[in-house]
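Trainee: The listed protein sequences correspond, in order, to chains A and B.
First residue of the first sequence? That's 1 in our numbering, and the numbers climb one at a time after it.
First residue of the second sequence? That's 1 in our numbering, and the numbers climb one at a time after it.
Incorrect hints may appear among the rest.
What follows is a set of in silico ranges between Cβ atoms, one per label pair, in the way DEER data are often shown [to be verified]:
| no. | chain 1 | residue 1 | chain 2 | residue 2 | range |
| --- | --- | --- | --- | --- | --- |
| 1 | B | VAL433 | A | VAL251 | 22 to 30 Å |
| 2 | A | SER298 | B | VAL433 | 39 to 47 Å |
| 3 | B | PHE252 | A | ALA310 | 31 to 39 Å |
| 4 | A | ILE121 | B | ALA444 | 14 to 22 Å |
| 5 | B | ILE246 | A | ARG196 | 41 to 49 Å |
| 6 | A | ALA316 | B | SER348 | 43 to 51 Å |
| 7 | A | ARG196 | B | ALA23 | 35 to 43 Å |
| 8 | B | SER185 | A | HIS221 | 55 to 63 Å |
| 9 | B | TRP421 | A | LEU124 | 41 to 49 Å |
| 10 | B | ALA66 | A | VAL244 | 37 to 45 Å |
| 11 | A | SER298 | B | PRO325 | 36 to 44 Å |
| 12 | A | ARG259 | B | ALA33 | 26 to 34 Å |
| 13 | A | LEU243 | B | SER185 | 40 to 48 Å |
Residues from chain B that keep clear of chain A, each with C-beta distances beyond 12 Å, as calculated [to be verified]:
| no. | residue |
| --- | --- |
| 14 | VAL81 |
| 15 | THR82 |
| 16 | ALA84 |
| 17 | PHE135 |
| 18 | ARG139 |
| 19 | ALA148 |
| 20 | GLY175 |
| 21 | VAL183 |
| 22 | THR292 |
| 23 | GLY320 |
| 24 | PHE373 |
| 25 | VAL382 |
| 26 | SER418 |
Rather than coming from a laboratory, the hints here were simulated on the basis of the structure.
The C-beta atom is built at its ideal place from N, Cα and C for all residues, glycine as well.
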Amino acid sequence: MSSADAVAAVLWVGATAYAVFGGADFGAGFWSLVAGRGERGRRARELVDWAIGPVWEANHVWLIFTLVVLWTGFSTAFEAVFSTLFIPLSLAALGIIVRGAGFAFHGTARRAAAREGAERIFGLSSLLTPFFMGTVVGAIASGRVPVGNAAGDPVTSWFNPLSLLIGALFVATSAYLAAVFLVSDARRADAHDLERYFTRRAIASAIVTGVLAVAGIFALHADARFVYDGLTSDALPLVIVSLVCGGAVLVLLEHGARRGVRLLAMAAVVAVVWAWGVAQHPYLLPTDLTISAGAAPSATLTALLIVAAAAVVLVAPSIALLFVLAQRSLIAESAGPEARPKPRQIA
Amino acid sequence: MKGRARPSRSIGAPVLNSLPLAAELEAARSQMAFTLAFHIILASLGVALPAMVLIANYRGLRRDDADALLLARRWSKVMAVTFAVGAVTGTVLSFEFGLLWPEFTGRFGKVFGVLFAIEGIFFFLEAIFVAIYIFGWERLRPWAHFWAGVPIVFTGLGGAFSVVAVNSWMNQPQGFSPTSGDVTSVAPWKVIFNPAVPYEVPHMILAAYLVTGFLVASIYAVGMLRGRRDRYHRLGLLIPLTVATIATPIQFMVGDTAARAIAADQPVKFAAMECVQQTSTDVTEYLGGRCTTDGIKGGIGIPGLDSFLVGFSTSTQVTGLDSVPADDRPPDNTMLHWAFDAMVGICSALILLGLWFWFAWWRRREIPQTRWFLRATAISGVAAVVALECGWIVTEVGRQPWIVYNVMRTEDAVTQASGVWVTFGLVLALYAVLGTALVLVLRAMSHRWRAADDSDAGAPYGPAAPPPPVLAEGGQ
Chain A
1 MSSADAVAAV LWVGATAYAV FGGADFGAGF WSLVAGRGER GRRARELVDW AIGPVWEANH
61 VWLIFTLVVL WTGFSTAFEA VFSTLFIPLS LAALGIIVRG AGFAFHGTAR RAAAREGAER
121 IFGLSSLLTP FFMGTVVGAI ASGRVPVGNA AGDPVTSWFN PLSLLIGALF VATSAYLAAV
181 FLVSDARRAD AHDLERYFTR RAIASAIVTG VLAVAGIFAL HADARFVYDG LTSDALPLVI
241 VSLVCGGAVL VLLEHGARRG VRLLAMAAVV AVVWAWGVAQ HPYLLPTDLT ISAGAAPSAT
301 LTALLIVAAA AVVLVAPSIA LLFVLAQRSL IAESAGPEAR PKPRQIA
Chain B
1 MKGRARPSRS IGAPVLNSLP LAAELEAARS QMAFTLAFHI ILASLGVALP AMVLIANYRG
61 LRRDDADALL LARRWSKVMA VTFAVGAVTG TVLSFEFGLL WPEFTGRFGK VFGVLFAIEG
121 IFFFLEAIFV AIYIFGWERL RPWAHFWAGV PIVFTGLGGA FSVVAVNSWM NQPQGFSPTS
181 GDVTSVAPWK VIFNPAVPYE VPHMILAAYL VTGFLVASIY AVGMLRGRRD RYHRLGLLIP
241 LTVATIATPI QFMVGDTAAR AIAADQPVKF AAMECVQQTS TDVTEYLGGR CTTDGIKGGI
301 GIPGLDSFLV GFSTSTQVTG LDSVPADDRP PDNTMLHWAF DAMVGICSAL ILLGLWFWFA
361 WWRRREIPQT RWFLRATAIS GVAAVVALEC GWIVTEVGRQ PWIVYNVMRT EDAVTQASGV
421 WVTFGLVLAL YAVLGTALVL VLRAMSHRWR AADDSDAGAP YGPAAPPPPV LAEGGQ
């Protein structure tokens with residue numbers, strides 16, 4: 001494996017993590033949006049708030065990480081993608097701004113008179129980012145992003161059936177992941193009604209995601225032949241892994257299984273993202289720019305790999321600590337009344 | 001356009017493209033300037049506020065000081081909200097590297113990008129430990145909780161280093177070849193430790209501590225002016241003001257060194273800062289005035305001082321703007337000059353405020369209680385922010401017309417996509433809402449605290465709500 005391929009793998013790890021964790025966050029925003037009025041809707045929204053709080057920030061750092069690795073390791077591809085796809089990426093950024101602001105402020109917004117409207121806006125913003133990120137992926141996979149500064153068509157590059165379908169697939173995948181996660185969170189919060197509520201939604205969104213994925217394969221066949229050929233040859237094992245995991249999730253959800261559902265759901269998504277990567281290998285921008293042709297000089301690649309190794313050593317244990325503390329409810333609890341000056345240990 | 005092949009579209013119609021391109025360039029520069037100016041305030045808080053929180057936290061635990069602990073707890077909530085908003089505005093900036101300046105990043109991303117990758121690690125760790133610290137007040141053991149906050153201080157410093165080093169590199173580019181066309185070789189160490197790092201990085205880190213210190217202190221000064229002179233308010237003023245007044249004189253010296261280094265490294269930028277039109281010795285230092293090609297109009301002149309400041313002798317030669325063609329000079333010369341003067345002037349005034357504070361402390365072991373001292377402290381926060389913005393105007397506008405000094409012009413870096421005016425308008429509107437919401441939320445938190453309602457509903461760092469069933473049952 002060349003160092004360019006290694007950096008491409010690092011890039012894919014970042015993109016995968018963002019797809020899973022960022023996706024779950026946007027999906028949670030989606031469920032907040034469609035929860036509706038009334039008591040059950042309110043409780044569903046509260047569960048979403050409670051579950052996301054401690055891990056929100058870290059989830060979104062993956063995006064920055066991915067962008068930075070892309071522009072450092074493969075500057076030419078970054079330039080091509082961000083100039084040709086100016087419109088969908090601007091709209092994705094818009095979603096990130098509004099979603100982030102919603103996250104930062106909604107604790108207070110919850111009390112405000114206009115909270116319904118505010119929540120709607122935050123929820124809608126959760127649709128924007130995954131959808132337009134999906135159209136970006138569709139544009140890249142179908143070879144509509146040529147090398148250069150805005151060399152591709154500013155509109156048809158992403159506004160085409162394949163890109164729109166992948167956009168919809170991204171929204172569905174986010175909702176699916178979020179629903180699966182929220183089933184576990186509801187259980188952790190001892191909210192059995194919400195456990196059933198999100199189980200039903202997880203099953204429904206899993207089916208929608210599966211249907212869109214199958215439609216996507218037909219669209220790839222028609223419009224992105226190189227990636228389609230890759231998916232049905234080199235990447236076929238990963239496609240099968242994804243199908244099996246997705247199917248297993250459905251069965252486990254039906255039976256109310258407690259273990260393994262989240263891992264399998266994540267595995268299904270991870271397998272698809274890597275299937276895409278394997279399918280378009282050795283291209284960054286099929287079929288215009290290969291990984292080796294688009295790669296930075298070797299010193300930069302080496303430095304990036306060292307940084308990535310440092311990230312594994314430093315960030316992985318920290319993030320594990322965060323997730324463990326969150327799962328044990330050691331950091332998710334209300335800070336309680338401040339009149340009690342000294343923080344106490346309860347657990 | 002130098003170096004890289006442009007897409008055929010623009011080769012075919014260079015004349016048609018040149019007019020809208022100039023307009024897009026203005027839009028891109030405006031959007032970048034605006035989003036950066038907004039982000040830098042939050043970034044400064046992100047770098048320095050954790051230190052204030054931990055000082056208060058340490059004092060609270062060490063001396064069993066309930067007021068200090070309460071301050072730490074409340075500041076950490078402010079930190080949480082500014083950190084979350086700062087993460088958003090920072091993400092926007094990373095999008096803008098591609099959306100606004102694709103040719104800059106396309107050509108040099110492979111050169112400066114490693115610094116952002118390093119920053120990514122720091123930011124990641126910062127996000128993780130901020131979350132643990134914010135959410136850990138109640139259930140972590142007190143000292144374990146304190147130590148969970150300590151990494152935030154260091155990751156803030158590391159992150160500031162990485163990002164500011166990129167800006168330093170844009171001012172003093174090195175460590176890559178060839179200098180025209182596609183970069184084929186990179187020397188990462190020379191990029192990371194470029195010649196502008198030793199003065200630009202400390203200058204920004206000190207600025208962060210100074211701005212944060214005066215901002216926090218100013219809030220408690222306002223409270224004391226309104227009659228809330230209890231120990232809680234005095235401590236809330238004392239901790240940040242101590243940090244800020246230590247940072248200010250050091251900042252003045254670092255800034256002075258930076259100005260001299262810029263006179264040597266980027267003489268045209270320095271000439272624009274000081275309105276020096278012709279290269280000569282015995283150059284007069286002007287405070288204020290209007291810069292014209294015929295020399296400065298108005299302003300207060302001190303003969304020979306500019307030369308003296310550059311080389312400790314009035315016979316030092318100072319390079320003038322006439323040393324380069326008009327095309328290579330920074331625009332908006334008067335604004336640049338005023339921004340520089342304002343920054344230095346504000347820093348000087350803040351040093352005086354610090355002397356006042358330390359003298360009183362030395363005499364009476366107490367914050368000066370006069371209204372004039374509190375008024376001065378109350379405006380010091382805004383003044384420090386103005387100085388911060390002025391500093392960035394000096395370094396960014398002063399680098400123009402170059403995006404990479406003497407290597408790549410800003411006009412060659414901008415996107416060929418149309419629609420930047422639309423996104424700029426959108427960004428202006430969104431950030432206006434974001435800024436207003438931020439201020440309103442912080443005010444609402446402060447009002448709640450004053451009403452001694454310390455419930456965490458509406459806590460800054462997103463929701464800190466208990467699990468829904470508890471809410472559903474009790475609701476209080």
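Trainee: For every hint, state whether the structure bears it out.
Mentor: Going through the hints against the structure:
no., hint, result
1, B:VAL433 x A:VAL251: 22 to 30 Å, "violated, 46 Å"
2, A:SER298 x B:VAL433: 39 to 47 Å, "holds, 46 Å"
3, B:PHE252 x A:ALA310: 31 to 39 Å, "holds, 36 Å"
4, A:ILE121 x B:ALA444: 14 to 22 Å, "holds, 19 Å"
5, B:ILE246 x A:ARG196: 41 to 49 Å, "violated, 58 Å"
6, A:ALA316 x B:SER348: 43 to 51 Å, "holds, 48 Å"
7, A:ARG196 x B:ALA23: 35 to 43 Å, "violated, 57 Å"
8, B:SER185 x A:HIS221: 55 to 63 Å, "violated, 42 Å"
9, B:TRP421 x A:LEU124: 41 to 49 Å, "violated, 24 Å"
10, B:ALA66 x A:VAL244: 37 to 45 Å, "violated, 58 Å"
11, A:SER298 x B:PRO325: 36 to 44 Å, "holds, 38 Å"
12, A:ARG259 x B:ALA33: 26 to 34 Å, "violated, 53 Å"
13, A:LEU243 x B:SER185: 40 to 48 Å, "holds, 46 Å"
14, VAL81, "violated, 6 Å"
15, THR82, "violated, 9 Å"
16, ALA84, "violated, 4 Å"
17, PHE135, "violated, 4 Å"
18, ARG139, "violated, 5 Å"
19, ALA148, "violated, 9 Å"
20, GLY175, "violated, 9 Å"
21, VAL183, "violated, 7 Å"
22, THR292, "holds, 37 Å"
23, GLY320, "holds, 36 Å"
24, PHE373, "holds, 29 Å"
25, VAL382, "holds, 23 Å"
26, SER418, "violated, 7 Å"
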